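Engineer: Protein chains in written order, with the numbering used here: chain A, 1 to 225; chain B, 1 to 225; chain C, 1 to 225; chain D, 1 to 225; chain E, 1 to 225; chain F, 1 to 225.
Treat the hints with care, as some may be off.
All copies of an identical chain are treated as equivalent in the list; a pair is satisfied when it fits inside any one copy or across any two copies.
As the list claims (entries may be wrong) - Result set (DSS-like, lysine-lysine): computed pairs, CA atoms no more than 25 Å apart in a straight line: (1) K37 x K168; (2) K168 x K135; (3) K135 x K37; (4) K168 x K205; (5) K161 x K33; (6) K161 x K107; (7) K33 x K3; (8) K3 x K168; (9) K157 x K205; (10) K157 x K37; (11) K3 x K157; (12) K168 x K107; (13) K107 x K157; (14) K3 x K107; (15) K33 x K157; (16) K33 x K168; (17) K134 x K107; (18) K135 x K107; (19) K107 x K37; (20) K135 x K161.
These are computed hints drawn from the structure, not numbers from a lab. Note that this is a predicted model, so its numbers are computed, not measured.
Listed below are the residues making up each chain.
There are 6 protein chains.
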Amino acid sequence: MLKEPFTLKLSGHLFDNDNLLPSYVNLIHEFWKNGYKMVVVTGGGSLARRYIELGRRMNANEAMLDLLGISVSRLNAQLLAAALSDIAYITIPTNLDEVFRAWLTGKLVITGGFQPGQSTATVALLVSEFLGIKKMIDCANVDAVYTSDPRIDPNAKRLSKVSIAELKDMLKSKTVAGTYDLLDPWALGIAQRSGITIFVVGCNKPETLRRLMINGISEGTIITP
Amino acid sequence: MLKEPFTLKLSGHLFDNDNLLPSYVNLIHEFWKNGYKMVVVTGGGSLARRYIELGRRMNANEAMLDLLGISVSRLNAQLLAAALSDIAYITIPTNLDEVFRAWLTGKLVITGGFQPGQSTATVALLVSEFLGIKKMIDCANVDAVYTSDPRIDPNAKRLSKVSIAELKDMLKSKTVAGTYDLLDPWALGIAQRSGITIFVVGCNKPETLRRLMINGISEGTIITP
Amino acid sequence: MLKEPFTLKLSGHLFDNDNLLPSYVNLIHEFWKNGYKMVVVTGGGSLARRYIELGRRMNANEAMLDLLGISVSRLNAQLLAAALSDIAYITIPTNLDEVFRAWLTGKLVITGGFQPGQSTATVALLVSEFLGIKKMIDCANVDAVYTSDPRIDPNAKRLSKVSIAELKDMLKSKTVAGTYDLLDPWALGIAQRSGITIFVVGCNKPETLRRLMINGISEGTIITP
Amino acid sequence: MLKEPFTLKLSGHLFDNDNLLPSYVNLIHEFWKNGYKMVVVTGGGSLARRYIELGRRMNANEAMLDLLGISVSRLNAQLLAAALSDIAYITIPTNLDEVFRAWLTGKLVITGGFQPGQSTATVALLVSEFLGIKKMIDCANVDAVYTSDPRIDPNAKRLSKVSIAELKDMLKSKTVAGTYDLLDPWALGIAQRSGITIFVVGCNKPETLRRLMINGISEGTIITP
Amino acid sequence: MLKEPFTLKLSGHLFDNDNLLPSYVNLIHEFWKNGYKMVVVTGGGSLARRYIELGRRMNANEAMLDLLGISVSRLNAQLLAAALSDIAYITIPTNLDEVFRAWLTGKLVITGGFQPGQSTATVALLVSEFLGIKKMIDCANVDAVYTSDPRIDPNAKRLSKVSIAELKDMLKSKTVAGTYDLLDPWALGIAQRSGITIFVVGCNKPETLRRLMINGISEGTIITP
Amino acid sequence: MLKEPFTLKLSGHLFDNDNLLPSYVNLIHEFWKNGYKMVVVTGGGSLARRYIELGRRMNANEAMLDLLGISVSRLNAQLLAAALSDIAYITIPTNLDEVFRAWLTGKLVITGGFQPGQSTATVALLVSEFLGIKKMIDCANVDAVYTSDPRIDPNAKRLSKVSIAELKDMLKSKTVAGTYDLLDPWALGIAQRSGITIFVVGCNKPETLRRLMINGISEGTIITP
Ligand SMILES: Nc1ncnc2c1ncn2[C@@H]1O[C@H](COP(=O)(O)OP(=O)(O)OP(=O)(O)O)[C@@H](O)[C@H]1O
Ligand SMILES: Nc1ncnc2c1ncn2[C@@H]1O[C@H](COP(=O)(O)OP(=O)(O)OP(=O)(O)O)[C@@H](O)[C@H]1O
Ligand SMILES: Nc1ncnc2c1ncn2[C@@H]1O[C@H](COP(=O)(O)OP(=O)(O)OP(=O)(O)O)[C@@H](O)[C@H]1O
Ligand SMILES: Nc1ncnc2c1ncn2[C@@H]1O[C@H](COP(=O)(O)OP(=O)(O)OP(=O)(O)O)[C@@H](O)[C@H]1O
Ligand SMILES: Nc1ncnc2c1ncn2[C@@H]1O[C@H](COP(=O)(O)OP(=O)(O)OP(=O)(O)O)[C@@H](O)[C@H]1O
Ligand SMILES: [Co+2]
Ligand SMILES: [Co+2]
Ligand SMILES: [Co+2]
Ligand SMILES: [Co+2]
Ligand SMILES: [Co+2]
Ligand SMILES: [Co+2]
Ligand SMILES: [Mg+2]
Ligand SMILES: [Mg+2]
């Protein structure tokens with residue numbers, strides 16, 4: 001089903017887990033060899049949070065803290081590229097132009113954050129739009145979209161399908177460094193204006209991603225533009 | 001009052017008006033010579049709208065249309081730099097790193113848009129945050145912030161002072177190329193997290209800007225973080 | 001006949017005309033899909049003249065005025081790339097190195113001006129020489145080369161074929177920003193030393209270009225090296 | 001004594017320690033404000049080792065593993081720059097040219113690794129040589145140079161002063177990623193040919209560095225060219 | 001007299017002569033220390049001719065041959081920068097933007113050629129125009145401008161003063177790589193449109209340059225715009 | 001035998017010899033057309049030594065002298081690219097990232113030196129490692145590796161096969177600009193850690209290289225990792 005190109009946003013939390021990461025690397029390698037075309041965007045995870053916290057304790061301002069999160073996300077992208085160096089574009093692109101140039105080489109492009117005030121989910125959607133890609137898979141630190149943050153609100157309800165318009169009403173924008181929500185309004189706006197479908201799946205079990213890629217079975221949430 | 005550095009966002013509409021522009025150029029020149037420190041961000045105006053419309057008629061996608069708007073805003077920045085070449089940084093920066101490097105030379109930095117999906121007002125706030133600047137003047141195509149768009153809603157009420165939190169509730173996010181509102185949620189989020197005060201003034205009379213810069217008299221709207 | 005690669009210089013005046021431009025876009029798209037290989041160079045047109053005039057009124061120097069013309073030519077290149085984004089290299093190259101890199105990707109390369117004191121016709125010939133291309137089509141704001149400027153001199157004679165040596169004697173060099181002649185001595189010098197044939201055709205009727213590309217029928221002027 | 005410029009190599013292990021780091025940040029800030037001129041080079045520490053180990057488990061080659069170490073050292077440099085943003089050059093330079101440009105701005109330059117197969121100590125010496133700096137302080141994860149690695153060899157003898165020629169005979173070169181010795185032959189060769197004195201001090205107590213900088217008292221090892 | 005900034009074009013032939021070069025280096029160093037502001041542009045000389053000849057024998061095209069000449073001129077610029085590293089900008093700029101950035105640092109900027117089809121004299125004039133510099137000294141392989149090439153035509157007459165308009169009529173444009181004349185039409189066009197005065201002096205005796213710089217005494221030719 | 005990719009380091013001395021160079025150019029052209037994949041790295045030769053000597057006489061420091069050597073090696077690379085422009089990547093890469101990008105285009109990549117303190121042999125090995133290439137041919141100014149420098153020591157013994165470990169014991173590191181040995185410890189360390197075999201052959205007779213490439217017959221020295 002996903003033989004058309006897609007972007008794959010990997011939660012930074014994957015990089016906290018030394019055992020989970022290799023299975024995702026294998027999955028990406030296998031699918032790439034089978035002809036799937038994708039751009040991977042990596043998050044910052046708890047390492048980003050540690051550096052941001054350290055920076056905050058030393059009075060760094062918000063832009064600087066975001067730069068730290070971006071640096072960690074790029075480090076994660078570099079790790080992925082190192083593990084996939086036979087198929088990957090080794091130099092991590094840092095903006096849309098560089099992604100475009102990397103994409104034209106036919107290599108697997110892996111990127112992290114771009115600039116302060118912008119989540120890596122937004123990066124994944126900007127890349128999708130720029131390259132004309134219509135599907136984005138968000139492999140997140142949560143197994144689906146809920147009506148509110150399930151880690152905070154015990155009454156949060158799981159959604160299997162939701163439109164962007166509906167979702168925008170539910171989510172509130174937060175832009176304090178390191179605490180961006182699952183999907184911010186800017187990310188959703190890009191998806192909406194360019195007709196990109198977002199598939200949110202959990203990043204704890206590679207099999208969930210496998211089933212989505214092979215059979216198109218969503219076990220998380222489908223967000224329709 | 002504004003002897004501390006500020007960012008100045010000039011509405012693209014200034015560049016539609018061959019007579020108004022020179023008076024703003026003189027104003028900036030005079031203030032710079034008097035020791036005011038600022039970064040100028042130029043919008044795209046009706047020329048941006050023309051190119052975006054042309055692109056849309058030829059089926060360009062949203063990212064491409066935004067690139068057109070960005071190109072026009074940079075053209076406007078280049079015009080300003082040409083007219084101020086004795087004090088300005090001639091090469092128009094295209095991202096935060098380049099703005100930072102230009103800023104360190106002590107020259108007047110003039111920039112346009114940065115990347116798709118991002119208004120020039122957001123650029124002005126990202127630049128402010130990155131450089132540690134706490135005031136942003138938005139010289140806009142409207143004389144103040146209203147409770148809703150005054151060009152559409154005849155009942156819109158003029159605001160002389162409003163907090164970002166209040167404003168966020170009033171404004172709705174739109175991300176169709178070329179039709180960003182006065183200030184989008186992302187711009188407001190940056191201002192909020194970094195404590196930046198925004199002064200919205202109209203761009204039809206240079207005297208309004210002069211009075212704000214010299215006496216700190218706001219004839220438009222003060223948006224407090 | 002033109003299945004070997006060529007450069008195509010499009011007069012900036014094409015971009016003044018909202019109706020003509022789409023037909024050229026379609027023509028380029030169709031030919032590219034049919035296997036024609038080309039690099040497109042766009043001029044600045046009347047928009048360049050407007051910005052240059054504005055700059056001059058604000059006392060900008062000649063180098064700055066040329067930068068404005070270059071910025072407009074790049075904006076036009078960006079518009080063309082936006083309309084042809086399925087086949088084009090999106091990032092507009094700004095020098096020969098970047099054109100070379102873009103060319104190697106196999107995408108349609110579209111560029112504008114390069115540096116002050118240099119016409120876009122010269123850019124087209126430098127690109128031709130650098131890439132080893134032997135034919136350049138100049139889609140101009142005049143339907144052929146005349147013995148003098150036909151817009152000024154009513155006795156100007158139309159030439160259907162002329163050698164560069166002969167032409168050099170006729171044309172005088174002018175380097176005031178925005179008023180470069182059809183082909184300046186530098187452009188002709190490049191064509192001469194590298195054996196590049198120039199086809200001048202008018203840009204008012206796309207059919208003229210079509211007949212030249214398909215049948216090799218020149219309805220304008222052939223300039224032989 | 002050290003009012004002439006110096007380079008300061010900070011062991012990556014400083015960044016493993018959330019309490020030690022802020023005191024070094026304060027020290028650097030204080031000295032900079034007092035007119036000391038320096039370039040800081042940060043190592044990768046145990047975080048570099050973790051990413052390199054992860055990469056190795058996923059079969060990344062040596063060049064890729066070095067890139068991971070470099071990325072971590074740059075992340076550490078970014079953290080330092082964030083904590084010192086009022087005096088530091090924010091964009092982390094990645095080669096000698098960029099260091100040179102940053103140095104000319106008069107800002108505190110902070111950098112990490114440059115390229116595979118090269119320790120950050122070598123970076124510090126290349127930077128010293130390029131900028132004509134004659135003193136390099138190596139704030140290391142060991143309190144002095146020993147006749148062999150003191151963590152392995154219990155009979156290693158502490159050296160308070162040693163010439164590069166003598167040291168070269170003692171140390172053996174290792175180039176497996178992440179396990180470079182205190183100072184490799186290449187680093188020593190640069191110091192030797194350009195007459196740079198190296199001061200090795202431990203990074204566990206900021207006071208050691210303070211005493212060296214203020215009174216010129218070396219509590220570690222002086223390596224003479 | 002020349003305390004206002006000027007550009008200094010040094011003939012590539014200076015670099016053929018191991019004894020002459022150091023005296024020019026000393027002269028430039030002395031004048032810089034005395035507050036003269038200048039940008040130096042170096043030619044390619046006989047080394048350029050050797051590489052171009054070698055390339056031609058191996059069938060390189062004209063653009064490639066020009067790239068060789070540019071590479072040699074940059075090598076010469078690098079040698080000068082090496083000998084003047086306490087005052088010079090070390091990284092050789094390769095286009096106007098880079099010259100501008102280097103110029104803003106206050107260092108002595110040294111550059112070579114920019115792009116194919118362009119003499120280093122033209123580079124010197126483009127740089128002058130871009131930076132608003134009104135005087136250009138051409139330290140040439142001939143002691144003055146003659147009515148025709150004095151190495152070919154024994155009847156050539158020496159000119160002590162000539163206007164650009166007069167000169168243009170005398171000189172013919174040649175654009176075969178490595179054989180550009182003293183001043184090509186493009187170079188003269190830039191000087192003319194921007195009102196730059198050119199002083200041609202011989203490069204065989206440093207004293208000629210010294211007298212020009214100190215007393216304003218021209219022993220060669222003054223070309224007035 | 002060498003149908004797998006290899007790096008080819010050409011001694012700078014090849015470029016001193018106007019007759020030898022074209023035969024190597026033909027050899028590379030022929031092999032490339034026959035499907036051999038390689039990256040070529042050029043040395044500086046006696047021209048590098050001349051510029052370094054000139055620089056030293058004018059008191060340039062070691063880093064600056066190395067930059068001169070690097071500039072000459074790049075000039076040589078440019079000459080080779082000019083002579084092979086139908087198959088070569090024209091823009092000479094200056095670091096590993098640029099080599100990687102050039103490599104992905106499928107063109108013949110030619111490069112020179114990268115940074116001060118680093119031989120072009122080390123460049124060839126860094127490139128090999130980065131691209132996963134396992135064979136490096138060093139076409140040197142000596143016909144084989146000897147137990148010591150044969151130009152100095154008449155008792156030096158020729159080696160037909162030697163391991164890196166054995167060689168490291170024999171060779172001493174020297175890092176004075178322009179006098180790097182055949183292979184320095186850093187180069188050998190890279191080869192060792194990444195399992196790269198080095199073939200040293202003389203550069204006086206192209207036939208030696210031909211026989212190595214076609215039949216795998218080493219007439220010089222094989223250095224095993
Ligand atoms: N309505 C919601 N539905 C689901 N998750 C939500 C919601 N609101 C907030 N969240 C939070 O969003 C996060 C989504 O995980 P994500 O993979 O983006 O992790 P992250 O910590 O932001 O990592 P990264 O470093 O990749 O940005 C979860 O921590 C989840 O608690
Ligand atoms: N609540 C509101 N209060 C004031 N203006 C509003 C409001 N909502 C929308 N607007 C619109 O925002 C615009 C603000 O002017 P601005 O200078 O940003 O113009 P622009 O057309 O976006 O130009 P630019 O090219 O600089 O982006 C006006 O066109 C105004 O009608
Ligand atoms: N002869 C020696 N004398 C002192 N230390 C030595 C010697 N040989 C090896 N070492 C080792 O060199 C290291 C020097 O510490 P350094 O600060 O460079 O740490 P590092 O782990 O390399 O960190 P970085 O990430 O900054 O490169 C110590 O781990 C020490 O055990
Ligand atoms: N009318 C003329 N008057 C003077 N010189 C002329 C004239 N026409 C041609 N020339 C030639 O122009 C050259 C001017 O010297 P210049 O210093 O520019 O040398 P070059 O060989 O071009 O060096 P570079 O490598 O710096 O370009 C001389 O070789 C001279 O013979
Ligand atoms: N043990 C050794 N065996 C062989 N050659 C040696 C040895 N030690 C030193 N050499 C010297 O190493 C050099 C190897 O030649 P190479 O091709 O690297 O020349 P080069 O002059 O360094 O040129 P390049 O400019 O390419 O670096 C010879 O000059 C040779 O005398
Ligand atoms: Co693989
Ligand atoms: Co002025
Ligand atoms: Co199409
Ligand atoms: Co501080
Ligand atoms: Co000096
Ligand atoms: Co060929
Ligand atoms: Mg997230
Ligand atoms: Mg050598």
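Engineer: Each hint: holds or not?
Structural biologist: Here is what the structure says about each hint:
no.	hint	verdict
1	K37 x K168	neither (29 Å within a copy, 39 Å between copies)
2	K168 x K135	within (19 Å within a copy, 30 Å between copies)
3	K135 x K37	within (11 Å within a copy, 32 Å between copies)
4	K168 x K205	neither (28 Å within a copy, 38 Å between copies)
5	K161 x K33	neither (31 Å within a copy, 40 Å between copies)
6	K161 x K107	neither (32 Å within a copy, 38 Å between copies)
7	K33 x K3	both (12 Å within a copy, 24 Å between copies)
8	K3 x K168	neither (29 Å within a copy, 40 Å between copies)
9	K157 x K205	within (21 Å within a copy, 52 Å between copies)
10	K157 x K37	neither (33 Å within a copy, 51 Å between copies)
11	K3 x K157	neither (32 Å within a copy, 52 Å between copies)
12	K168 x K107	neither (34 Å within a copy, 38 Å between copies)
13	K107 x K157	neither (39 Å within a copy, 47 Å between copies)
14	K3 x K107	both (16 Å within a copy, 23 Å between copies)
15	K33 x K157	neither (38 Å within a copy, 50 Å between copies)
16	K33 x K168	neither (37 Å within a copy, 41 Å between copies)
17	K134 x K107	both (19 Å within a copy, 21 Å between copies)
18	K135 x K107	both (19 Å within a copy, 24 Å between copies)
19	K107 x K37	both (9 Å within a copy, 19 Å between copies)
20	K135 x K161	within (15 Å within a copy, 42 Å between copies)
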